[in-house]
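Asks: Add chains L and G to chain A, keeping to what the hints say.
Protein chains in written order, with this note's numbering: chain A, 1 to 260; chain L, 1 to 260; chain G, 1 to 260.
Because the hints were derived from the structure by calculation, they are not lab data. Treat the hints with caution; some may be incorrect.
No copy labels: a pair is met if it fits in one copy or bridges any two.
Below, computed lysine-lysine pairings styled on DSSO-like, alpha-carbon distance capped at 30 angstroms [to be verified]:
{"#": "1", "residue 1": "Lys247", "residue 2": "Lys187"}
{"#": "2", "residue 1": "Lys187", "residue 2": "Lys258"}
{"#": "3", "residue 1": "Lys157", "residue 2": "Lys258"}
Okay, here's what each chain looks like letter by letter:
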Amino acid sequence: MQHPDTAVRVGVAESAAALIERLRTRGPRVHCITNAVAQNFTANVLLAAGAVPSMTLSAEEVGRFVASADALLVNLGTFDRERREATEIAVQTAAQANVSWVIDPVLIDRSPARADFARALIARSPKAVRLNAFEFSALSGGAPTRETLADYARTTKTVIGLSGATDLVADGARLAVIGNGHPLMAKVTAMGCATSALVAAALAVEPDVWRATASALLITGVAGECGAEQADGPGSFATAFLDALFKLDGQTLIARAKVN
Amino acid sequence: MQHPDTAVRVGVAESAAALIERLRTRGPRVHCITNAVAQNFTANVLLAAGAVPSMTLSAEEVGRFVASADALLVNLGTFDRERREATEIAVQTAAQANVSWVIDPVLIDRSPARADFARALIARSPKAVRLNAFEFSALSGGAPTRETLADYARTTKTVIGLSGATDLVADGARLAVIGNGHPLMAKVTAMGCATSALVAAALAVEPDVWRATASALLITGVAGECGAEQADGPGSFATAFLDALFKLDGQTLIARAKVN
Amino acid sequence: MQHPDTAVRVGVAESAAALIERLRTRGPRVHCITNAVAQNFTANVLLAAGAVPSMTLSAEEVGRFVASADALLVNLGTFDRERREATEIAVQTAAQANVSWVIDPVLIDRSPARADFARALIARSPKAVRLNAFEFSALSGGAPTRETLADYARTTKTVIGLSGATDLVADGARLAVIGNGHPLMAKVTAMGCATSALVAAALAVEPDVWRATASALLITGVAGECGAEQADGPGSFATAFLDALFKLDGQTLIARAKVN
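With the rest of the complex left out, here is chain A (with noise of 0.2 angstroms):
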């Protein structure tokens, strides 16, 4: 794998100010095939951040909801008939209508037909991967490590963004390793479903794919410290972490980032 260039890796965090801006000014639409454990945070950290979530699954609609929006978040934490369907046609439309798409495998690493199913999806070009290491081992068969994120991103031509402790984004050629973020975020359901729609929604404002999941983590990681300054636990980190985000500024970004 190369080295990161300096020069990219700095300017994740400018990147993450720009877009930040980007997304409150153009307010894109990110159409959620999500769980339902999932869709009310998710819709309300997108709303945080300046987007706007739609979030139907009717075989019926979800084509039109898809061909309007601005990103696409494909979310396999329940893995039913309906949704099923509706990610079928969802990424159809997606392609027809170039719509930027985000996978979230979630779980897969329990269930043999879920990672099949979204080994095939990931082979009808997502843009990133958003998981965690558990799930990126049941994808590519390996523990993640710089060279394995960087070989399969570059297998899959996608972006994979893997959230853990430190943060890892990985397009084959760059990687940025992000510092932030707070252990309380783990004990917030949904915390990382919600994070792979930021990643959509930065999809929609910025055209440099690692770029925008590289910010998207990173505001993602700041509004969880921001919030967990003000929390007393999981119930009102919960909220705080939206707070956060609705009030997060590009200097905040700066300042905190911990970004390698």
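Replies: Structure of chains L and G alone, referenced to chain A:
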């Protein structure tokens, strides 16, 4: 259109004050066919206002739940097969059992199939339609004005409750113009859906549909203002809105009402 | 009914104190078949207590998720086709894989079809039934008293956890009377559903089903009291409840327990 009668106008705040007390005393049950994004928040809004939510969508059960309910909400925000079936049974049952119902034609401006479904439902005698300007235009073919709202209300024999920076409630003869509310209300998903559920709750305790609808919109707007005073962003606003609605009393409603 | 043994009674607070530590150390995974209104809050309650939620309903996957889970919750709050199918697979798998499970027969007092379904499930050896007084009457045909609870527990070979102003937990020989809790708990939707999920989590780390069930109800009641002290209404209460549950320690449980 007739000019609204001053005495009637002045009476909206007093109606709302009496209505919120009746909700708490009587605790009407509102059966909600609503979208997955909105279900949890809608249930909590009804509970905070003194009403009791029920939410089953199962074709085997929904008729029985509606027949014994005090009011019904039909929200089209998730337009799937299951909800369309449930809606058919629910609306039939409501007609037979004389249960007042409200329709919220969510996002019909984005989906002609959903707009057709909404129009067919409105022909089946809901008491009220709660919507925004885009949705009204999709229904009626024109922008919402005092005149077009009144015309549409007369034609469909419903009360139209239009939410926006200013809310308008028209029954064809009377018009309430409600200036309460707060911009943060647009930053919490399902706020409109929950407002429609409050309209249904209001119908359960107030036979004058126009007064019920205007009261529900006023209550929501004042709770929004009170909540915003305690909030630091959309996350804390959603919780503060529920707290404010729970504590809202007639005096506060009358003192804060901006009704013309 | 036998009189409860004093030593046993006194031991519930100590059992709960040990149990909450075990939840945090072991992080058991609880698979939840639960209703759409409750899914998000239930997942957050399990996370706050130290457990790990999984929630898929897909017929292709639910068996695998249950087989590797540490406990199972079957909640009847959304009684749709998909959840009935998932329940059938889940209960079969639980029997084969020896996974303890809890049933929450939500609102069966309003739906005879649902009550029949609940009775058939209770014949298939859940460890515990968590319900309210209306639901108990619908199941057993009589009002809940210490005697009828004990009889029903003996007949069905389950532990009955009855929530109310006072909680009662009966296994036919022993009875716990728990006076903790707060009226705001009835103003947050899915509080009962989440309590049932905590009963399932408790079963994963405590083989004595009566102690596990009583501990889960005590933990919920004490977290409710602690949360209410920080709350200004039902919105802030829901977040404060999660914070309190997250921070709850054995000492607080023992100091606050009102168990007879």
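Asks: Next step is simple, just say for each hint if it's right about the structure.
Replies: Hints versus structure:
1. Both within a single protomer and between protomers do Lys247 and Lys187 lie at most 30 angstroms apart by alpha-carbon distance, with minima of 22 angstroms and 12 angstroms respectively.
2. For the identical chains of this complex, Lys187 and Lys258 are neighbours both inside a copy (22 angstroms) and across copies (29 angstroms), given an alpha-carbon limit of 30 angstroms.
3. With identical chains, the CA atoms of Lys157 and Lys258 are at most 30 angstroms apart within one copy only, with a shortest distance of 26 angstroms there and 57 angstroms across copies.
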